Amino acid sequence: AGRRAGRRSPARVRALKAALRSGLESLIMASAEHGAEQVIARWRDHPSGRQVLAGVDADLAHVSPELSRRVTRAVSSWQDHVQELIRTEGVTKRSVAKLVSFDTEAVSLVLMIGLLGYGTSDVAVEGGNSAVPQRLLKALFGAESLRGMGAKARADLRSRIGMLFDEEAIRFGQVLDSAGIPDETVPVQLYQATYNLEVAR
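For the sequence shown, our numbering begins at 25 and goes up steadily by one.
Since the hints were made in silico from the structure, they are not lab data. Fair warning: this is a prediction, and the values are worked out from it, not measured in the lab. Keep in mind that the hints are not guaranteed to be accurate.
As the list claims (entries may be wrong) - When the alpha-carbon atoms are kept at most 20 angstroms apart in a straight line, the in silico SDA-like pairs for lysine to any residue are as follows:
id	residue 1	residue 2
1	K41	R93
2	K176	G186
3	K176	Q107
4	K41	A130
5	K176	R93
6	K41	H105
Unchecked claim - What follows is a list of derived Cβ distance ranges for each label pair:
id	residue 1	residue 2	range
7	E61	L140	15 to 25 angstroms
8	A82	A163	48 to 58 angstroms
9	A54	A179	36 to 46 angstroms
10	Q75	E49	34 to 44 angstroms
11	A167	R36	24 to 34 angstroms
12	T96	A179	15 to 25 angstroms
Glycine included, every Cβ here is placed at the ideal spot set by N, Cα and C.
Start from the sequences, fold in the hints, and give me the full structure.
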């Protein structure tokens, strides 16, 4: 029975990792789609914008075909980064003894759950039944180490998402360039403003 349980555990970890990855990918894709729609809507509210859109493919109001693949790669890389944070920064003298019975991948998933479940820049470390993942991590690493890892993991995720959205925004600048409108920063600003709003939630 023990051996069967041992074989089942990695499968559960893989399933949870895949579920978190899928959920985060869906959130990023939805935010990107919303951003594209908002840019087009704002262009349509302006006479010059409507002129630009007259000769533009309707697909511009949606995410690019390549975004899904790029998002999958970015989220997977972020998950690996979080696991590496647990392995290299979370293992202090205080926590080594406690970590020996934990798999670093499983612990990294607990950290991801905590990060994705809170809208603040730091990982919550106390209070409420919803803080169970944080209480577990705090017991392993201590509050200061947990905050540090949480801040780094969140900053890394924001950076990866930011690069994805920057690449998406290029399409709008190219449209303006083709139309002879010099200010390519306008669509980028609009797109990133929507991105920042979505990520801040």
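Now for the hints, and whether the structure bears them out:
1. Restraint check for K41 and R93: the C-alpha separation of about 18 angstroms stays at or below 20 angstroms, so the hint holds.
2. Only pairs whose Cα atoms come within 20 angstroms are accepted, and K176 paired with G186 is accepted, the gap being roughly 15 angstroms.
3. For the suggested pair K176 and Q107, the alpha carbons sit about 12 angstroms apart, so the restraint of at most 20 angstroms is met.
4. Simply put, K41 and A130 have alpha-carbon atoms about 9 angstroms apart, close enough for the 20 angstroms limit, and the pair holds.
5. Proposed proximity of K176 and R93 is contradicted: the alpha carbons are some 24 angstroms apart, above 20 angstroms.
6. For a cut-off of 20 angstroms, the pair hint linking K41 to H105 stands: about 13 angstroms separates their Cα positions.
7. Between E61 and L140 the beta carbon distance is about 24 angstroms. The supplied range of 15 to 25 angstroms therefore holds.
8. Between A82 and A163 the beta carbons are some 53 angstroms apart, a value that agrees with the proposed interval 48 to 58 angstroms.
9. Against the hinted window of 36 to 46 angstroms, the Cβ-Cβ separation of A54 and A179 comes to about 22 angstroms, which falls outside the hint.
10. Between Q75 and E49 the beta carbon distance is about 36 angstroms. The supplied range of 34 to 44 angstroms therefore holds.
11. A hinted range of 24 to 34 angstroms holds for the C-beta pair A167 and R36, which are about 28 angstroms apart.
12. Look at T96 against A179: about 21 angstroms separates their beta carbons, and that is inside 15 to 25 angstroms.
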